[in-house]
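Line by line, the protein sequences give chains A and B. Throughout the first sequence, residue numbering follows our numbering, covering 179 to 430 in sequence. Throughout the second sequence, residue numbering follows our numbering, covering 3 to 512 in sequence.
It should be emphasised that the hints constitute simulated quantities derived from the structure, not laboratory data. Any given hint might turn out to be false.
Derived Cβ-Cβ restraints for the label pairs, each shown as a range [as the list claims (entries may be wrong)]:
| no. | chain 1 | residue 1 | chain 2 | residue 2 | range |
| --- | --- | --- | --- | --- | --- |
| 1 | A | GLN358 | B | ARG423 | 31 to 37 Å |
| 2 | B | THR316 | A | ALA251 | 53 to 59 Å |
| 3 | B | ARG423 | A | ARG294 | 22 to 28 Å |
| 4 | A | PRO218 | B | GLY356 | 42 to 48 Å |
| 5 | A | THR249 | B | TRP494 | 26 to 32 Å |
| 6 | A | ARG419 | B | TRP425 | 25 to 31 Å |
| 7 | A | MET351 | B | ARG423 | 35 to 41 Å |
Here are a few chain B residues that face chain A, going by a calculated C-beta distance under 8 Å [unchecked claim]:
| no. | residue |
| --- | --- |
| 8 | GLY404 |
| 9 | PRO407 |
| 10 | SER408 |
| 11 | GLU411 |
| 12 | SER412 |
| 13 | ALA415 |
| 14 | LEU418 |
| 15 | ALA422 |
| 16 | PRO430 |
| 17 | LEU508 |
If you want the ones that stay clear, here's a sample from chain A, every Cβ over 12 Å from chain B, calculated [what the hints assert, rightly or not]:
| no. | residue |
| --- | --- |
| 18 | GLN201 |
| 19 | PRO202 |
| 20 | THR249 |
| 21 | ALA253 |
| 22 | PRO289 |
| 23 | ARG305 |
| 24 | ARG399 |
| 25 | ALA404 |
| 26 | GLN421 |
Glycine included, each C-beta is placed from N, C-alpha and C at the ideal position.
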Amino acid sequence: MTGARVLAVENVSKSFDGHAVLQPMSHVFRVGQTTVVAGPSGCGKTTLLRLLLGLLQPDTGTVRLDAEELTVANAGRLRLRVGYVIQQGGLFPHLTARDNVSLMADYMGHPSDAVRARIGELAELVRMPAEMLARFPQSLSGGQRQRVALMRALMLDPPVLLMDEPLGALDPMIRFDLQQELKEIFARLNKTVVLVTHDMHEAAYLASEILLMRGGRVVQRGSLDALLDSPAEAFVTDFIRAQRADARLASQ
Amino acid sequence: MNGPRAFHRFSLRGLLLGVLPCWLAFCGGGLAWADELKVGSKRFTESYILGEIVAQTAARAGAAVTHRPGMGNTAVLFEALKAGGIDVYPDYTGTIARQLLRTEATDLETLNRGLSEFGLGVAAKLGFNNTYALALRETAAQRLGIAAISGLAGHAELRFGLGHEFMERNDGWPGLRELYALPQTPAGLDHGLAYEAIAAGQIDVMDIYSTDAKIGRYALRVLEDDKRYFPEYEAVLVYRLDVVQRFPQAWQAITGLQSRIDAQAMIAMNARAELDGVAFADIAAGFLGDSQARETGSGGFLGKLFGPDFWRLTGQHLLLVFGSLAAAVVVAIPLGIWAARSEAAGQVILSIVGVIQTIPALALLVFLIPLLGRIGTLPALVALFLYSLLPVVRNTHSGLTGIEPSLRESALALGLPGFARLWRIELPLAARTILAGIKTSAVINVGTATIAAFIGAGGYGERLVTGLALNDHALLLAGAIPAAALALLVQWSFDLSERRVVADGLRDVR
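So that you can see chain A by itself, here it is in the shape it has in the complex:
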């Protein structure tokens, strides 16, 4: 796969209390690609994501955003180019949905009509009715909250989007709809996406590449077909089969 290197980890690892949560690994995330990091709970996928954001410092190796190494000093600045969505949404309850979305833009002093226009754009993109934005997060449904969280992540138009089980808390029908919308949005915006999930269906549907992890180690990387056809070890087949995802899904 060719394409500019947007995000890269080089030989990063992390341990807590002597226990290796992430074994040394390297990977390049290329522009416009959606990489899904999948695996059972405790496999290190969330740790990887947090290393990409600088919320954790790696014990070894480096994280690079556009070739610039991510450090404690520049993390604040570099994070402006990374959007982050988590399972619970992470919306601040004391702000309306709209204020949540425009928080950073307001803080940085962007002109208010530019902000308003951008919010309108994003609301259309995620199919969020404008009047809902005046509500507080507690008054929104789970699906609506995730849409707002996505708007917030995209507000400054960051090149990279990191998502940690974004649809995990939603009921199946909403999840289905949102998966479709996400796929369209990713394609339209040409974002570099790293999405963590344990759902292989979702992984297959959204990913250009799957990183399958287990016990802090990358077991295999590739498309779902590649994983099914040439599994690196028995675990790969077992994990996919356990979710009854072995019937080949036509990628949309």
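Starting from the known structure of chain A, fit chain B onto it as the hints suggest.
Here is chain B on its own, set in the frame of chain A:
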């Protein structure tokens, strides 16, 4: 406009609205301080009365006088006198010698020599000795022909009922028995019950202070200490030496009180206060031959509750509570933020404010007076400030550390720098808890502020102090009820203000 901007507007405004008037009142009160003769007194009936007599004597001689009654104890008064917070107060030669100068000699020359290094002196032996004594029913004394303690030696059948403290002190019963060769074995008895017991004839001899109010009413005879066992506690006035130049006429009038009050007169005045419930000012006026009856709130409970001092006391109490609270909030919230940021700092900070909380209030006040060089409002404010810290620090700390980690992480991930995170995300989320801490401090302060009266800072405590000394239940209630009502009012207004300070989104919106 809602959310973070609204929060900032209201909380800043609220802070200013609360703090400004308090400090204005404080400064205004300080400015209205021309040179007045300040008379102090201790927290018991006799001292109140003598203080009033001195104050009224000076006033009649034309001086501007104020009486700061019921200060905590000898230590407080001494510090106040040295610092100039008061100019004169009544005390006893034995107390001055033993407690203040740590000597034995009680003659005026020795005392004056010892006090002069502090710029102080003693003068005007008022004419009575208030020391430990033994008393007998008058009827029994006449029948047995006993007028002095040595007369008890020949009557082994007499039953003694003595207070526990008196029985245990070295300079109490043991030494007395030895000196007078008394054969009796006393029973230990609570002092308050002893009066009833002696009146009922269950005991014959009890220990008392020689000017106790009940002596006359219970028809007791105070036995003469003919072998001079008990130390001398002659009533005198302790004063700042500069009073002589500052108030020459008043001072002359005051020294004219020398030898004008004998033991019988003092007993009678004490009795009028404690047993008849007459106000101190009236008793003093009566002694000085003032026929004008002063209009004081000595009529009934409601009269005492809404007496003429009500607004002054309320103003003082509010100043004490909110002046100290405002300062505490300004200091405690940053301390709480620091404690939340750093676990090591947090342990130290929380421990320190926790320990401060355990210091007994009166001890803290006595310590602060020489440190600050005055009595009254300032040391009281400082003490209340210190006591207000813990709830606010602790609640700020727990409010911040209690924020869901995923929210804190989201704020970090957005790229918001540290201070912006604190101001826009963390403090608004912790606002409800912090406000609860401030409310707790305020309500506690209303109660604790009553001790300010012990050092002359006024407030509702003044009524409690007087009521305690006089054993006047109505006056006690007249001090306690407004304090309780104020506490409820404070709690209620905080509940109201929560609506303005805590963001809409954080209240239960259905």
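Going down the list of hints, with the structure as the test:
1. GLN358(A) x ARG423(B): 31 to 37 Å: holds (35 Å)
2. THR316(B) x ALA251(A): 53 to 59 Å: holds (56 Å)
3. ARG423(B) x ARG294(A): 22 to 28 Å: Taking Cβ atoms as reference, ARG423(B) and ARG294(A) lie about 25 Å apart, which means the hint holds.
4. PRO218(A) x GLY356(B): 42 to 48 Å: holds (46 Å)
5. THR249(A) x TRP494(B): 26 to 32 Å: violated (52 Å)
6. ARG419(A) x TRP425(B): 25 to 31 Å: violated (52 Å)
7. MET351(A) x ARG423(B): 35 to 41 Å: Holds, since MET351(A) and ARG423(B) (Cβ atoms, about 36 Å apart) stay within the stated range.
8. GLY404: violated (13 Å)
9. PRO407: Hint violated; PRO407(B) Cβ to chain A Cβ min 10 Å, cut 8 Å.
10. SER408: SER408(B) check passes; min Cβ-Cβ to chain A is 5 Å, inside 8 Å.
11. GLU411: holds (6 Å)
12. SER412: holds (3 Å)
13. ALA415: holds (4 Å)
14. LEU418: holds (7 Å)
15. ALA422: ALA422(B) check passes; min Cβ-Cβ to chain A is 6 Å, inside 8 Å.
16. PRO430: Holds, because the Cβ-Cβ distance from PRO430(B) to chain A comes to roughly 5 Å (cut-off 8 Å).
17. LEU508: holds (5 Å)
18. GLN201: holds (24 Å)
19. PRO202: holds (25 Å)
20. THR249: holds (14 Å)
21. ALA253: violated (8 Å)
22. PRO289: holds (17 Å)
23. ARG305: Given a closest Cβ separation of 23 Å, the condition holds.
24. ARG399: For ARG399(A), whose nearest Cβ neighbour in chain B is about 25 Å away, the distance exceeds 12 Å, so it holds.
25. ALA404: Fine: 32 Å to the nearest Cβ keeps ALA404(A) off the interface.
26. GLN421: holds (26 Å)
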